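A.B. asks: Letter by letter, the chains look like this.
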Amino acid sequence: MNEALLRGLTPSVLGVLVRRGADFAVAEDAVQDALVEAVRVWPADPPRDAKGWLVTVAWRKFLDATRSDTARRRREDLVDEEPAPGPASAVDDTLQLYFLCAHPSLTPSSAVALTLRAVGGLTTRQIAQAYLVPEATMAQRISRAKRTVSGVRFDQPGDVATVLRVLYLVFNEGYSGDVDLSAEAIRLTRQLAAAIDHPEVAGLLALMLLHHARRAARTAPDGSLVPLAEQDRGRWDTASIAEGVEVLQTALARDRLGEYQAQAAVAALHADAPTAEETDWVQIVEWYDELARLTDSPVVRLNRAVAVGQADGPRAGLAALAALDGSLPRRTAVEAWLRERDGDLGTAARLYAEAAGKAPNLAERDHLTRQAARLNARRGPR
Amino acid sequence: MAKYLLLKHYRGAPAAVNDVPMDRWAPEEITAHIQYMKDFAARLEETGEFVDGQALAPEGTWVRYDGEGRPPVTDGPFAETKDLIAGWMVIDVDGYERAVELAGELSAAPGAGGKPIHEWLELRPFLTEPPTITE
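If you're matching them up, the sequences are chains C and P in order.
Sequential numbering of the first sequence, starting at 1, is according to UniProt numbering.
Sequential numbering of the second sequence, starting at 1, is according to UniProt numbering.
Read the hints as simulated data drawn from the structure, not as lab findings.
If a hint is listed, it holds; no wrong ones were tucked in.
Derived pair list, reagent style DSS-like, types lysine-lysine, alpha-carbon separation capped at 27 Å: (1) Lys358(C) / Lys82(P); (2) Lys3(P) / Lys38(P); (3) Lys358(C) / Lys3(P); (4) Lys115(P) / Lys38(P); (5) Lys3(P) / Lys82(P).
Since the model is a prediction, treat every value here as computed from it, not as a measurement.
Hey, can you work out the whole structure from these sequences and the hints?
C.D. replies: Put into structure tokens, the structure is as follows:
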């Protein structure tokens, strides 16, 4: 049985229950129960209509749950009504669920957890393992999130930008556990792109595909980080790159540029270079200029300084860097790299070591420490 | 989504405002303190931010490798060790501001006279996994 296919039905099944008047929190639990039962029953007895089966089982579970609690009268009303499917399509329901799970009243970590469960169909245990927290903690986080959005009307139009931020977080900050969160983020973004025609949704999907394509080349067998310039480009996933480029080109043709499309354009230019030396840094600088106009983010200006250093030489890169706040994460690492290219190995070694001390993750810290050690070894005995 | 370690020290932290050793508190003040710590952890479980909490014995042993085929060397405890960890709590929160807010609440645990200890807690971010998007 294809688990991703089964989980892909989650939002439309949940949508049907909510449209029938079921309380979102109770319905969401009922759909989870139905998924568990499907995993148990389907291998021996596959249904002809998978979605219909899930709706029937989830609805029964929902009725069981409400029968046993105080909402009894409400349940009887619901049963009397004998639900009509309503005018809404599965596509609309899916879209509404994305909006609800990324509602602005939720904190980012709650929105991520709720999206993975209610839209992605992952179990609480899988989500807890992916974020390295106890299952009880994740269960509480999800049930609080459900309470927070319980008063939100299901058919209220939401903001695509908040949904995209949540999906970006899932893609960018996954741990390497049982569930492949990057692949899950791509699946959820693909599903969203099918539900709404929006150039930034396509932009984010392209961005994910283009970065995911490099995954095999990003780490050495010992787990250490391989920088973009040193990656074996033969190990990049060309099918994923081709899809990402195509999705991006279609989006860009709409002429409604946004930050995800611009970021994807940078990734596409890297993907397009047969070797690191052939990278079109001049065009990359132009895309960072666009991005800076769109977001005014200091991280963008830092990345732009790297690109300027490549396009116009390290002195130009250092000049671009000079305007940036010294406390900006990774600024020291960028300066170390530019100083090295400028031939000032002593300063570069010192800055690499300093940057290692400030690195936000282990792989980056180890990488920067190795850079410092490499330069110190070249400069002579300790 | 960021994990932080809240470190509590037996020794080595700057002096607390209400700096009276626990063995000089009234018994009911000790009870109230322990209850506060339990309630705090329970509240974090409730908000979906709790990861782990442990207390450590004050006396430990220093151990090091002593060469092939030889048993490890043990030593200590050393009275001159400046930093002595009493326990920790690991939290998973949305960001630094929330971590500081929670550490502040934990530091308000009541001590002598039923007044907050204003104990200094050390807040240390975990190193994470590298992000997927690198440029």
